[in-house]
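Could you put together the complete structure from these sequences and hints?
Chains as they are written, first to last, in our numbering: chain H, 1 to 260; chain R, 1 to 367.
Certain hints may be false.
Pairs of lysine-lysine residues, derived as BS3-like cross-links and limited to a Cα-Cα distance of at most 30 angstroms, are as follows [claimed, not checked]:
#1 Lys273(R) - Lys166(H)
#2 Lys140(R) - Lys249(H)
#3 Lys75(R) - Lys248(H)
#4 Lys166(H) - Lys363(R)
#5 Lys203(H) - Lys75(R)
Covered stretches of chain H (in silico footprint by chain R; criterion: 3 or more residues with CB under 8 angstroms from a CB of chain R, positions within the stretch not fixed) [claimed, not checked]:
#6 26-37
#7 200-214
Non-contacting residues of chain H with respect to chain R, defined by C-beta distances greater than 12 angstroms in every case (computed) [stated by the list, open to error]:
#8 Ala86
#9 Tyr245
#10 Tyr246
Keep in mind the hints are simulated off the structure, nothing from the lab.
This structure is a prediction, so every number in the text was calculated from the model and none was measured.
Glycine is no exception: its CB is placed at the ideal position from the N, C-alpha and C atoms.
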Amino acid sequence: MNVLVLLAIVLFALMAWVGGMKGVRSFIALFINFLIVLMAVFVMNDPSGNPIIIALIAVGFISAVSLFFINQVNNKTMLAFLATIATTVILIFFIIILTEQSMIYGLGEEESGEITTFNVHIGLNFVQIATAVILMSTIGAIVDTAISITSPMREIYEQNPEISRKDLFLAGIRIGRDILGTSTNTLFFAFFGGYMGLLIWFKDLDYSVGDIMNAKVFNDELLTIFISGVGIALVIPIAALMSAYYLKKKKKDIVLEDNE
Amino acid sequence: MKAWLKNRTKSQIITVCLLLIGFIASMIFINNNYDLYDRTIVQITDVQEINREDQVDTHGNKDEHVTQHIVGEVKNGPDKGNLTKFDNEYIQSLALDYELAAGDEIFLAQDGEATGDIKRDKYFVFVAWIFLAILLAVGKSRGALSALSLLVNAVILSVALDIYIQHPSISLSLITLISIIIFTVLSLLMATGFNEKTYTAILTTLIGTGVSLVIAYVALQFTAEQGLRYEEMAFLTRNPQTIFMAGLLIGSLGAVMDVAITLSASMFEMYEKNNHISLETLKKAGYEIGKDIMGTMTNILFFAYVSGSIPMLLIYFKNAAPFGFTVSMNLSLELARALVGGIGIVLTIPIAVYISIFFIRRKQAKL
Chain H
1 MNVLVLLAIV LFALMAWVGG MKGVRSFIAL FINFLIVLMA VFVMNDPSGN
51 PIIIALIAVG FISAVSLFFI NQVNNKTMLA FLATIATTVI LIFFIIILTE
101 QSMIYGLGEE ESGEITTFNV HIGLNFVQIA TAVILMSTIG AIVDTAISIT
151 SPMREIYEQN PEISRKDLFL AGIRIGRDIL GTSTNTLFFA FFGGYMGLLI
201 WFKDLDYSVG DIMNAKVFND ELLTIFISGV GIALVIPIAA LMSAYYLKKK
251 KKDIVLEDNE
Chain R
1 MKAWLKNRTK SQIITVCLLL IGFIASMIFI NNNYDLYDRT IVQITDVQEI
51 NREDQVDTHG NKDEHVTQHI VGEVKNGPDK GNLTKFDNEY IQSLALDYEL
101 AAGDEIFLAQ DGEATGDIKR DKYFVFVAWI FLAILLAVGK SRGALSALSL
151 LVNAVILSVA LDIYIQHPSI SLSLITLISI IIFTVLSLLM ATGFNEKTYT
201 AILTTLIGTG VSLVIAYVAL QFTAEQGLRY EEMAFLTRNP QTIFMAGLLI
251 GSLGAVMDVA ITLSASMFEM YEKNNHISLE TLKKAGYEIG KDIMGTMTNI
301 LFFAYVSGSI PMLLIYFKNA APFGFTVSMN LSLELARALV GGIGIVLTIP
351 IAVYISIFFI RRKQAKL
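So, in structure tokens, the structure goes:
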């Protein structure tokens, strides 16, 4: 049996066991997101399209699937979605400038060795593709941080509806501070886990600090981690502010209705 | 500005000043560190495009071959201060080469006649500062600890790999296991301090990682790794399987820690808001949060791994490689990493809920 199929079955069983129907939906969402990525790659095959726009559209779909399909449309997913979109829009400009300036596009020397039989001059814009890749690498973390703020904030609000808007916001920021480090850590370990081979290769070939700090692959990887960190840090106050404002506004409406 | 200053404590103002000085000093340094490099650095002063030709490959992919005439100032070495001229050739899609503009700083190739690489250290340092600044702005001292913990983890990883390379007799698995314990304890202590929610998260992470390690190992053995293509790691002179397995564990560690701390932090926060909350309510709330984050957490790893393959997927497709071959060559390792990470994430949820409840019950008993 194929190891990927077996691992997928194990993941599905665990998700269904721990999460019930929501777990099943989470698994299906993962699968749909995989299809969205493949679709995006197919569309990027057309040299006349702009990979950044394609990635932005894909990111919108991915956030919608990750939030609404798994949890249905409710106030916490809607808030997380809006916070994600706001953060992505702010972040994309930063990524575009950085990719162009630091020239981290295309393939590194270390990667290009494996495809000697292929032509890499394929008429696509690798600068825009690199921007798209960074954005898409980051989106999972931003969506997750957004829902990790809005979901417990609603729980806190429901456990204690008398909480003031300011305290609710501060509770959100406090949760954010707790997860800020571990969210950046998540990506840090994910990337380093994925690039273990490359890191060992750097060490085996005795790359100097200067060589590593200017190497394309290394910069690509670390700048992605930094940009993700900036995205995660940005989405925390955005999501907390939106949630505190929205949940307390809803509360006021209920009070008004009671008075009538 | 005045009102803002009034609301800050002295130590905050001092911190901001120190950071600004650090930022300015390091930016000046990194923009003038040419003499630290052996490779010749050239700052481009003038660029002229002297030729542009269309080219079409056997699969009908259109591209353009461009030649730029470059004039630049040598910034280090014996020719420091002199002007140099060379031609920079690039293919418009920029898969391997660079389009240069005035102001760019590059390393010359060995022969001095072409572009070797780009001087990227200044961007690296600049973005690191932006990252630090925004972490501090949102997270305050907690943000500073997060940044420090990333740095410490990077150093530990580097040292661990050095030990692996210099002492071939010590197995990578052992080094990885020890590193994982150090990573977990340090990262979580630095993230949330010495308290019950941290101990809960540490315990949860170690158990969660241990169980997912066993599952991944059994799955790989059971299927004899059928479906995994290690060609992607072909540049390695070492056994790719072992390195892949170590990367698998380290790669999912961050996500498992994230789930553990998110759950324990939220459950302890609820307990602190209402000391007499029933354990049943807490458990239900914990599972509710777990179900909410399970999907998005698995997505983090999925996108972090799979997105990086997009350029390579495009190259394969544009070279008319078959779909199945393309996906298995470029995505099999990434998908395996994402799936094993997902298994770790999901397993960690019930573990985190029960360990949190165990600690909270002890606190409630003391009331």
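Structure-based check of each hint:
no.	hint	result
1	Lys273(R) - Lys166(H)	holds, 15 angstroms
2	Lys140(R) - Lys249(H)	holds, 28 angstroms
3	Lys75(R) - Lys248(H)	violated, 60 angstroms
4	Lys166(H) - Lys363(R)	holds, 28 angstroms
5	Lys203(H) - Lys75(R)	holds, 28 angstroms
6	26-37	holds (count 6)
7	200-214	holds (count 7)
8	Ala86	holds, 15 angstroms
9	Tyr245	holds, 18 angstroms
10	Tyr246	holds, 17 angstroms
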